[in-house]
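Put together the whole structure using the sequences plus the hints.
So you can see what is in the structure, the chains are spelled out below.
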Amino acid sequence: MPMNSPEKNGVGKEEAFRPKIVAFCCNWCSYAGADLAGTSRLSYPAEVKIIRVPCSCRVNPTFILRAFGRGADGVILCGCHPGDCHYTTGNYYTRRRMTLLFSMLDYLGIERERTRVEWVSAAEGAKFAETMRDFVATVTALGKNRRLEDLRCRN
Amino acid sequence: MQKIGVFVCHCGTNIAGTVDVAAVAEALGKLPGVAVAADYPYMCSESGQKMIRDAIREKELGGVVICSCSPRMHEATFRKAAAAEGLNPYLVEIANIREQDSWIHRDRAEATEKAIVLGKAAIEKVKRNAPLTAGESPVVKRALVIGGGIAGIQTALDIAEAGFPVDIVEKEPTIGGKMAQLDKTFPTLDCAACILTPKMVECAQNEKIRIFSYSEVSKVSGFVGNFRVTIRRKARYVDETKCTGCGECTEKCPQKKVPNSFNLGLDNRRAIYIPFAQAVPKVATIDADWCNMLKNGKCGVCAKVCGAGAIDYKQKDTFIEEEYGAIVAATGFRPISLSRYEEYAYGLSRDVVTSLELERLMNAAGPTGGTLLRPSDGKHPHTVVFVQCVGSRCEDGKGKSYCSKICCMYTAKHAMLIREKYPDTEVYVFTIDVRTPGKNFDEFYRRAVEEYGVHYIKGMVGKVLPEPDGSLTVRASDLIANEQLKLSADLVVLAAAVEPDPSARPLATLLTASMDTNDFFTEAHPKLRPVESPTAGVFLSGACQGPKDIPETVAQAGAAAAKVIGLLAKDKLVGNPCVAHSDEMLCNGCSSCEKVCPYGAIHYEEKEFRGPNRTVLKRRVAAVNAAVCQGCGACTVACPSGAMDLHGFSNSQIMAEVDAICR
Amino acid sequence: MQELMKARAAALLSEGKVNRVLGWAAGEFVYDVTPTVFESREELERDFVYSPFCGANLSKYLVKEARKEGKILVFLKPCDSFSFAQLVKEHRIPREKVYAVGVECYGKTDATALRSLGITGIVGAAEQYGALTLNTLNGERRVTVAEAMLEKCKSCKTKEHRLCDELLGEEGEPVSDCSRFEEVEKVEAMTPEERFAFFRGELSRCIRCNACRDVCPACTCETCVFDNPASGIAQKAAADPFEENLYHIIRAFHVAGRCTDCGECTRVCPQRIPLHLLNRKFIKDINEFYGPYQAGDDPETPSPLTDWKPDDVEPGSAVRKGGRA
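Chains as they are written, first to last, in this note's numbering: chain A, 1 to 155; chain B, 156 to 818; chain C, 819 to 1143.
I should point out that these hints are in silico values taken from the structure, not numbers from a laboratory.
Among the chain C residues that face chain B by a calculated CB cut under 8 Å, a handful are: (1) Glu908; (2) His909; (3) Thr1038; (4) Glu1040; (5) Thr1041; (6) Val1043; (7) Ala1048; (8) Ser1049; (9) Pro1120; (10) Leu1123; (11) Thr1124.
Across the chosen pairs, the derived CB separations fall in these ranges: (12) Pro1047/C <-> His758/B: 23 to 33 Å; (13) Ser376/B <-> Arg146/A: 53 to 63 Å; (14) Glu113/A <-> Glu739/B: 37 to 47 Å; (15) Thr954/C <-> His758/B: 56 to 66 Å; (16) Thr930/C <-> Glu113/A: 32 to 42 Å; (17) Thr852/C <-> Glu763/B: 29 to 39 Å; (18) Val771/B <-> Ser832/C: 26 to 36 Å; (19) Pro767/B <-> Thr930/C: 31 to 41 Å; (20) Ser832/C <-> Asp467/B: 56 to 66 Å; (21) Ala126/A <-> Glu606/B: 45 to 55 Å; (22) Ser494/B <-> Ser832/C: 49 to 59 Å.
Ideal Cβ positions, reconstructed from N, Cα and C, are used throughout, including at glycine.
Listed below in structure tokens is the structure:
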């Protein structure tokens, strides 16, 4: 794992590293999928905090950068599957925007595993939980986000 | 500072079993701006709601946060409770601590900590909420149906049946569309005219229905509930109110050489004509391209023979403007042009016809009086070859990539009808495969093969060659037998792919309704909203949305009518207040937002602003029509200047949530 | 060329076809050329220059200038004309208020590059057939244009104009061996750690002077988000790495799909940060993921970020591809 100095993760220590994860979920598919995960009692780590947006296309790249700036270690964006958008085409725009943004972050040397887009339908509670478990594990392994954070926001 | 009230729900033990609700209330109560924080076993219960209402009243709360189940469950409940106490319902936010917290976590400390964070985020969001009021707009209780084929007719009849006035705009001189040209209909083989013409007459007689035939929509403005439409009534040179449809003029007109478009040019008609006997309205129309009087002022026979004095050579196009609450697109389809398919000799031999032409050749009211005769020599054909998928399921770019859906069934029908009437005629059908999903459809096809002895061959026709003796040599492959075939045929029938009527594209532009790459109208949702366009107030009926047979068209027409009736039954439309809005001081007028709006809700205005040194600056700025906007927010990200924002999910609200979660 | 341009501008002014002329004026030093609006023949005669140092792209000034009374003449080099066309496409410039005159260009000169070649005290410069003759206080010096070219000219994509009313000089052709993505590819080939270190090294020099934004023809917002307190990302001094990252990523993203790769950002950066590497990465990605697209090329093609295809690449796999293994 690149750029992971051992003390960062604190793996094996008493106080394990717990990442901060922001999950943007569209109201119609993914937020409902998250609710279904809850209704089905499918557990995923509490590090994930969901922000509800009407559509994945509402998510401005600024929000994602802001999250990293304020100390998030991973940001995931969930929307309806392409072709199933409640607003017909919103997630198609999301897909292009995030493709370019993530590619840029990767180009700047930010760990590409810290960002993710996942399409989760309202019926995919299990997929939602599984996705979050996997994402948290990935970000935990990466350790603290240091490359893209605003130091002044540290307490 | 705004006073916020925080209410933490136990949901029995659903939340309280895992989350220390008292600790959550205590922690959130200490946050700046929070005036009251309390927990209660069931916030959604009457007494729970009373607790919230009392607090709003007594503490003069300016915002409320409920930590409870998903907003998808009870957001509406709590908004109503707040509204009852005079607090704007959009000043209520929900922190989802059940589905997204207590139900998925087992560790009490962890779940409690998360509940506090989620509560904090909701508090930060609600602090930035603005009171929102849903806009109301009245509904014009009249519908417009564009296209008078079976789809438009059925939709109009159903709407009228519910008591709402409806106008049909049809570009041809008569309603009836493609179905009026058909002979028999599958899978029952009843005659098209027998089932269609009564519906046409019903349209004419229903006092709620107005038919604007020989007319086109030329302009559309407004939005759902309040469309303003300009209809161009093309000059037909016959006064509709006077013409009795007696047909005297159509017999006396000396210009006999006009290709009869209703019979697809298989025979000729006069310059003044009534398309067919059961036309609605039964009014004559002068074909200006052929009329000698209109072209060079020499004739005037029709005016002389018209007892009603209905002929008016000076008639001009007129424009009428009407208001509608809903618009239904029912523009239908047409067979594609076969000019790019020389291999089938269409256009080289008159005995190579399209399936629609065959309908006319077999129709009792058609050019041959219903006797199947070769167009070239009027002789009875003894071998008929049908070629399927001419331009359908095509990947070569010449045709269409999609399946035209109706061809397999109508070809089975044609084959069956020929074999029934003329048992001495051999019928061959070349197919990629036969697709017959639909009630009684496969049985119908099997009857064609088993009872009527139609020869179905899996394989495509490579070439049709006209021979000097007037016959047609068909070269094809039989994929099952794995051999090349050479047949001598008297008549070749091409199942041309269907495509949307060319009038659909300009209409979609007028309606700001979206289309797919094939120019079929797009549905608001391919599964759940199949008869609505993404543009609010615009509905889709029939083959303009995709290839369809008659039963399916009628079903969809009825569904579209039901949606229209549902809309027109409302006196007022209450909008969703969580819509986009543009700050015109920041707007560049660059059109980025307009390009990503799926609803056409954004338009541009030239506005005057104060410039430097007391000058007046004119700038192009975006304006959102709140009645049309659905609140997706695509525009807010497309906007480079940040002028576009979304009520209820504003940039500052979402960033405040981000901050609350990350800090 | 300069005299030809002067004469044409003077003629159009006298005929009343245009009311003002947007061009370049001599500064204190010959290499210190400044974009200027000329209102009379006298001003033109006195100050107008078209020299090897006229690298500045004039199109952005039209956003404000075209709002004023009357018609304005503008001289556009091929790369500038793309910016102009893009601004017209975005309704930022009313086309009818501008008389665009295309001028030929074979690469403009970077005074800093001359200095590093040891050429100082320049008092005059002339270019002919790819050779640059410089009068300096220490006598005449000769170099090739290519030796001291502006960064942006090194990867010139075309010598052909867009959207001009007339042309002075000869119309050029697209540069067939334009290799403008080479530098981006070089960065892409690094490991993430190297890339991070590279950009940290470059971006940490940023002093947030906003010159890149102020010169950028795609940055014509009425109020920039970085100047708007309500945007949540308003201007702050670049106090730490995040600020620099945020500013440059957001700026690059805001102009993605609209940036014509005119290279002005890098030209004006007082810290010599290769800012075009960010914009060009977006352009390269857009070309690779959504098919070739050149902003300002034509008025019809939708910008890649306001368009989509059902089978567009997914963000995850796009990043994994990213021009690398």
